[in-house]
Amino acid sequence: MIKQILLIWAVLSWMQPAYSKDMTGLDVMKLVVARDDGNDLIQHMKQRLIDKRGHVRERLMISFSKDYGEDSKSITYFLQPANVRDTAMLTWDYADDNHDDDQWLYLPALKKVRRISSSDRGDYFMGTDFTFEDIKSTPTLGDYQWTLTGSETIRGTDVWVVDAEPKSKALKKNMGYSKVRYYVRKDIQMYIKVDFWDIKGKELKHLVSTDIQKVQGIWTAMQGVMSNVQTHHRTELTFSEQQYNTDLSNRMFSERMLKRGYHGQ
Amino acid sequence: MHRIFHWILRHPKIILLLLLVTTGVAVSQMRHIHIETDVDAMLPKHSDAYINKKVLDERFGSSDVVIIGIINEKEGIYTPENLALVQELTDWLGEQDLFQTLSLNDLLSLSTIKDIRGTDDGLDVTLFMDGLPETIAEAKQVQARMHAFGIYENVIASADGKGTIIAVRPMPDSRDQYAKIYDLLQSKVKELEASHSNDSFFISGRPIIEGVFGVYMPQEMKRMQPIIMTLLVLLLYISFRTPRGVFLPLAAVLIAEIWTLGTMAAFGFNIYTITTMLPILIMAIGIADAVHFLSRERLLAHYGKYSHQKERIIEVMHELWKPMVMTSVTTGVGFLSMLSSELPPIQEFGIFAAVGITYALIVTMLLFPAALMLLPEKAAHTARKPLFSGYIEWSSQAILNYPKRIMLIFALLTTISVIGIMRLGVDASLVAQFKPNDPVRHADTVLNEYFSGTTSLDIMIDTGKENGLLEPVFLQHIVDLQKEIEKDPVVGDTSSISEFLMLMNKALHANNPAYNRVPESSDLAAQYLLLYSFSGAPDDFETFMTGDYRQAHIRINMKTDSTHAVAMMLKNLKIKTDVWFPSSAGYQVEWAGTGFTLHRLAQMIIAGQITSLALSILAIFLLCWWMFKRLLIAFIAMIPVSLAVTVNYGTMGNVGIPLDLATALTGAMVLGIGVDFAIHYLHRYHEESIADHSYAESVVNTNRSVGHAILFNTIVVVGGFLVLLSAALYPQMKLGALIAATMTVCYVATVYLFPVLLGLGQKNIKV
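Sequences listed follow chains A and B, in order.
Just so you know, the numbering used here puts 135 at position 135 of the first sequence, and the rest follows in order with no gaps.
Just so you know, the numbering used here puts 534 at position 534 of the second sequence, and the rest follows in order with no gaps.
Treat each hint with caution, since some may be false.
Said to hold, decoys possible - Simulated crosslink set (DSS-like; lysine-lysine; CA at most 25 angstroms straight-line):
1. A:Lys259 with B:Lys506
2. B:Lys506 with A:Lys112
3. A:Lys112 with B:Lys188
4. A:Lys169 with A:Lys30
5. B:Lys54 with A:Lys52
6. A:Lys30 with A:Lys186
7. B:Lys114 with A:Lys172
8. A:Lys111 with B:Lys506
9. A:Lys200 with B:Lys180
10. A:Lys136 with A:Lys173
11. A:Lys200 with B:Lys188
12. B:Lys140 with B:Lys114
13. A:Lys46 with B:Lys140
14. B:Lys188 with A:Lys202
15. A:Lys173 with B:Lys188
Hints are computed from structural coordinates only; laboratory data are not their basis.
Put together the whole structure using the sequences plus the hints.
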């Protein structure tokens with residue numbers, strides 16, 4: 001009798017994965033990471049920082065970025081406002097968490113390149129509502145506990161709802177989040193909405209990506225709006241004139257190019 | 001009138017039921033009572049300080065922060081244990097729902113502030129305490145960096161290294177939680193004190209002070225109520241010695257008090273610190289009507305003039321309604337003159353004091369007839385000699401024998417008082433409202449001793465154009481202004497965006513001290529701020545400038561909230577700001593903050609005083625003229641109260657009690673209450689005169705009848721206000737002592753000076 005029960009149990013537990021067609025949260029996020037986003041990209045970027053009184057600060061930039069395996073490099077030139085024109089930023093982004101990212105900024109008024117000290121992942125980026133963690137193209141999967149909590153329909157498309165909880169208290173403090181919820185479109189494996197909760201567990205921010213188009217065969221969100229519900233501050237990012245896979249040269253991402261500035265193409 | 005009186009007597013039960021129901025309704029309203037502790041709410045809504053504070057809070061974030069000081073005299077604050085304690089307490093604060101901790105300026109402490117340093121190839125923005133120091137040497141390293149950085153020295157940690165503060169913002173619009181914050185912090189501090197025996201903790205800051213006010217105010221009202229009631233019971237018992245003689249007047253004033261508070265609550269008026277004195281005032285003044293009614297009724301019963309009870313009561317009502325209404329009107333006018341003040345707390349105090357007195361009159365006129373009709377009639381007590389008869393007779397003789405000495409004494413008193421008035425000052429300080437040994441005041445004093453100051457004063461400068469504040473000339477003028485402000489010894493520290501830009505300029509020029517100056521171009525300043533935004537948080541500077549770089553904010557920490565200090569500073573700085581930030585060039589300079597609010601409050605207290613006093617003196621004078629139909633008598637009627645008011649302010653000047661929100665009420669109070677004495681006295685003297693009694697006879701007779709009533713009245717008012725000596729708040733206590741002393745003077749002036757003045761001239765003045 002006992003042997004029979006054990007046998008049934010063994011068979012059942014062995015058969016479980018085969019029977020379950022359900023994906024896990026991690027599976028969904030792996031699809032997100034694996035999504036094709038090109039090898040390199042040139043795009044124009046408009047930043048609109050809107051404070052709670054509706055005052056708007058606007059910046060115009062052009063950025064060049066390129067993947068180097070898991071790592072990536074990018075260079076961004078400020079076009080507007082006039083008082084920061086020709087300021088340029090060079091970033092070498094390392095996938096390895098033990099390797100701090102390198103960042104340099106060229107200040108035309110000082111005529112000098114200055115290195116920027118590395119930031120915490122939870123630090124806000126350039127006065128926007130995005131943290132350094134948020135602007136990464138995809139989250140570091142190993143840092144979170146992923147849970148698929150269900151499916152929903154957003155703006156007519158089916159999405160998976162995936163909850164992410166930073167694995168340790170230290171990670172929570174470092175990133176400034178106790179929970180993040182991704183809404184991933186099932187058809188194109190791209191998240192179109194993200195909710196954030198602060199360390200106290202209170203609702204903090206919402207990111208909504210809209211105007212999703214296929215550019216050169218690659219799904220691209222033309223706009224992303226991050227709204228902080230606590231500070232009532234909002235950042236609108238608008239992307240345009242994307243050019244994927246133009247085979248940018250490695251020389252683009254050098255200190256010399258930082259100083260040279262952007263003179264149009 | 002007669003018909004009303006009859007109707008009342010015919011339906012005593014309905015009247016009692018009516019009183020009961022109205023009182024019940026009033027009690028049900030009292031749960032809506034709102035206690036207002038916001039100092040800014042004490043200003044009129046159109047005041048620039050009120051408006052600017054709202055703008056400041058919205059534009060740069062609230063400057064009202066809770067301050068927790070940790071002081072360790074023995075080892076200093078820079079030890080691994082103490083820095084760990086700072087970290088622990090900061091983290092704990094960050095987890096509390098009562099606080100807003102979104103950005104750096106929401107929660108400032110040694111563990112959140114950032115160091116900006118130049119490195120060989122760039123700018124380094126890091127926490128002063130990046131990870132907890134493990135050795136004394138590492139802890140001292142933090143101190144060295146704090147000293148080198150400079151901006152936070154004495155602001156966050158004292159220069160001698162003995163103490164540090166944590167400043168945290170309460171959640172926006174959470175004023176009703178301030179008392180809770182204080183309780184929470186106190187219990188946390190108690191817990192920490194147990195494990196850190198060498199550290200002392202001090203809690204202050206405006207939210208704490210306002211929170212404590214919020215706790216004290218209802219406590220004060222609850223605590224003083226039984227004291228004043230016991231006092232009244234005692235005085236009433238001495239006078240009447242019957243249960244109804246004690247409990248009817250007590251019931252009357254209690255009902256009047258409940259009605260008043262109920263009315264306030266129903267119409268949404270706030271309770272301010274000074275409003276807590278209203279019950280005492282209503283009881284002390286309102287009891288007079290009740291006592292007059294009862295003693296007259298008993299007198300008539302004693303002489304057996306009206307055998308039928310109903311007729312007797314009608315007669316009492318008939319005799320008394322006019323003088324009672326008159327004295328209520330004059331008292332009410334005294335209080336209503338407070339309406340000329342611009343400050344809502346004073347205005348509302350005046351209104352509801354007048355309302356309370358009116359209620360007391362109405363209740364007395366309804367409750368007494370109705371209750372006396374229902375209560376079984378008792379045989380009148382055997383006549384007994386009035387309590388103070390010996391004294392009264394002595395005083396009459398003194399008046400007739402020594403008129404010159406009496407005049408001399410009053411002349412002297414007046415001279416001394418006039419000298420005192422010239423020394424009268426004003427101070428709307430919040431902290432000074434606590435007694436010197438109060439824990440909150442003590443904490444505030446200690447924190448001001450070690451650090452840059454707990455009182456905020458703020459300057460907002462609108463440059464009139466986007467990016468305007470990045471201009472080197474403007475930034476330099478801010479630096480100049482800060483230097484000018486810091487010359488004042490009451491200023492502990494000032495800070496602005498200029499300081500940070502100078503620091504970045506130096507840091508980006510390899511820490512060369514020659515570059516410790518404002519960036520040389522607007523573009524450079526903009527680029528520094530952009531550079532900073534990559535390492536620091538975007539809102540690190542939100543408290544110093546707006547996102548469009550148009551408006552700048554200079555924060556001043558003052559070591560005192562004495563309004564005199566602010567007044568002096570404003571006067572001196574106006575000259576400078578007019579030159580550096582001329583409005584012709586599009587600049588607009590606005591002041592705000594607690595220091596400025598209190599300064600405006602003080603100004604309005606003074607301004608209100610003069611008009612309010614002048615108005616009430618004029619109004620009461622006109623009333624007396626109308627009543628007595630003779631200008632000269634009206635003049636004389638004003639003498640005791642004017643004298644009492646003079647002595648009141650003179651004493652304040654001589655003793656060094658400044659005018660504040662509470663003591664500012666004394667003038668109108670003394671006038672309103674004191675003039676009743678004069679009216680009663682003159683009425684009686686008038687009757688004696690028309691009865692063709694001689695001057696001496698009139699004085700003796702008037703003294704015998706009215707002298708008693710006024711004496712009782714004085715004892716009640718003086719006793720009632722002496723209860724305030726037990727108040728937890730200083731101004732209330734001072735007001736109690738002042739009114740008690742001044743009413744005594746008013747009594748003496750009425751009973752002694754009056755007859756002497758009336759006896760002046762060849763034929764003596766006939767009334």
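Each hint, compared with the structure:
no. : hint                   : verdict
1   : A:Lys259 with B:Lys506 : holds (22 angstroms)
2   : B:Lys506 with A:Lys112 : holds (14 angstroms)
3   : A:Lys112 with B:Lys188 : violated (50 angstroms)
4   : A:Lys169 with A:Lys30  : holds (24 angstroms)
5   : B:Lys54 with A:Lys52   : holds (15 angstroms)
6   : A:Lys30 with A:Lys186  : holds (13 angstroms)
7   : B:Lys114 with A:Lys172 : holds (21 angstroms)
8   : A:Lys111 with B:Lys506 : holds (15 angstroms)
9   : A:Lys200 with B:Lys180 : holds (19 angstroms)
10  : A:Lys136 with A:Lys173 : holds (18 angstroms)
11  : A:Lys200 with B:Lys188 : holds (19 angstroms)
12  : B:Lys140 with B:Lys114 : holds (17 angstroms)
13  : A:Lys46 with B:Lys140  : violated (46 angstroms)
14  : B:Lys188 with A:Lys202 : holds (23 angstroms)
15  : A:Lys173 with B:Lys188 : holds (23 angstroms)
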